[in-house]
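Spelled out, the chains give:
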Amino acid sequence: MTQTPAPLLPPGPPSGPPPLRLSVPNVLASVDAARLAFDAHLAGAEMSARARYRLELVLEEALMNRVWHAFPEGGVHEIELSLALQAEALELVVEDSGIAFDPLQAPPPAPATSLAEARPGGLGLMLTRKAALSCAYERRDGRNRLTVLIARH
Amino acid sequence: MTVTEIEGAVTRVQLKGRLDAAGADRVGMRFMASLAGVGQKAVIDMGGVDFIASLGIRMLISAARTLATKGGAMALYGATEMVQGVFDDAALDQLIPISATEGEALAAVQG
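Taken in sequence, the protein lines are chains A and B.
So in the numbering used here, the last one in the first sequence is 153, and the numbering has no gaps at all.
So in the numbering used here, the last one in the second sequence is 1111, and the numbering has no gaps at all.
One or more hints might be untrue.
[To be verified] So these bits of chain A aren't anywhere near chain B, every CB distance computed over 10 Å:
1. LEU22
2. ALA37
3. GLU138
4. ASP141
5. LEU149
[To be verified] Per label pair, the in silico range of CB-to-CB distance:
6. LEU28(A) to GLN1014(B): 17 to 27 Å
7. THR147(A) to GLU1104(B): 36 to 46 Å
8. VAL27(A) to ALA1033(B): 24 to 34 Å
9. GLY1103(B) to PRO72(A): 45 to 55 Å
10. ARG1026(B) to GLU78(A): 17 to 27 Å
11. ALA45(A) to ASP1025(B): 25 to 35 Å
12. VAL76(A) to MET1032(B): 24 to 34 Å
The hints are simulated quantities; they were obtained by calculation from the structure and are not laboratory data.
Quick caveat: nothing in here was measured; it's all calculated off a predicted structure.
We put the CB at the ideal spot given by N, CA and C, even for glycine.
Build out the structure end to end from the sequences listed, making use of the hints.
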């Protein structure tokens, strides 16, 4: 009896856990809650310490941006997060149904050379851009969607 | 957070843990309170801080500004590699002296 060789499979998406999806309220404490969920999800994943730091930074900046700007009328609202592992990158998506607000449009902070001149605006966005491979914003069906790719290594 | 008076009436503040949004919120008031003196010089040991992002940086800038307006000075030192990387990305050394060692930080505030 001869064994038929197993069919050659085309290269598929990298094996790994399916994307993590979670929903958090628009409050400061959600940053830690999300971070811990991300840590658990990525516990066995091969990625550099720098990548882990960048992910935490981008998560904090994106989530706090939503907490401050997406719901000017106040109240408790949900922010949806998803984290997917790709071959070379992590993909973080932050989505909410708050007001149309593109976090990527903040002007870059003017380089301040003295304490008196330093303005707080735009620093979070600048750090996010430096930590990310790419950032994209989309407004669709009444929802804000921010997608950030971070290098795994 | 630990506050010590060291040579030449300089305050040394050792920050610890995460200076993320929750951390900066938690430690912010004590940090500012430790730096409330007129003409106060302070060196901030960053060695125990394992994470910082824009909110933590804003806290440091706010403290440095407060000290400067009252005739004092502040310097940071001993940051770990990734925290230093965020300092570099933010060009923070344009606003606050940053060095590797406490000796250099002392020289920066006393000079």
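Taking the hints in turn, this is what the structure says about them:
1. At roughly 18 Å, the least C-beta separation between LEU22(A) and chain B is larger than 10 Å, which holds for a residue marked as non-interface.
2. The Cβ of ALA37(A) lies farther than 10 Å from every Cβ of chain B, with a closest approach of about 15 Å, so its non-interface assignment holds.
3. With 10 Å as the threshold on Cβ separation, the claim that GLU138(A) sits away from chain B holds: the shortest Cβ distance comes to roughly 23 Å.
4. The claim that ASP141(A) is not at the interface with chain B holds, since no C-beta of that chain comes within 10 Å of its own (minimum 29 Å).
5. For LEU149(A), the requirement that its beta carbon stay farther than 10 Å from each beta carbon of chain B is met, with the minimum near 18 Å.
6. Checked against the hint of 17 to 27 Å, the pair LEU28(A) and GLN1014(B) passes, with Cβ atoms roughly 24 Å apart.
7. A beta carbon spacing of about 42 Å between THR147(A) and GLU1104(B) agrees with the range 36 to 46 Å that was offered as a hint.
8. For the hinted restraint 24 to 34 Å between VAL27(A) and ALA1033(B), the CB-CB distance of approximately 25 Å keeps it satisfied.
9. Evaluation of the 45 to 55 Å hint for GLY1103(B) and PRO72(A) yields a pass: the beta carbon distance comes to about 48 Å.
10. At roughly 25 Å, the beta-carbon separation of ARG1026(B) and GLU78(A) lies within the given 17 to 27 Å, and the hint holds.
11. For the hinted restraint 25 to 35 Å between ALA45(A) and ASP1025(B), the CB-CB distance of approximately 29 Å keeps it satisfied.
12. Between VAL76(A) and MET1032(B), the C-beta spacing of about 30 Å keeps the proposed range 24 to 34 Å intact.
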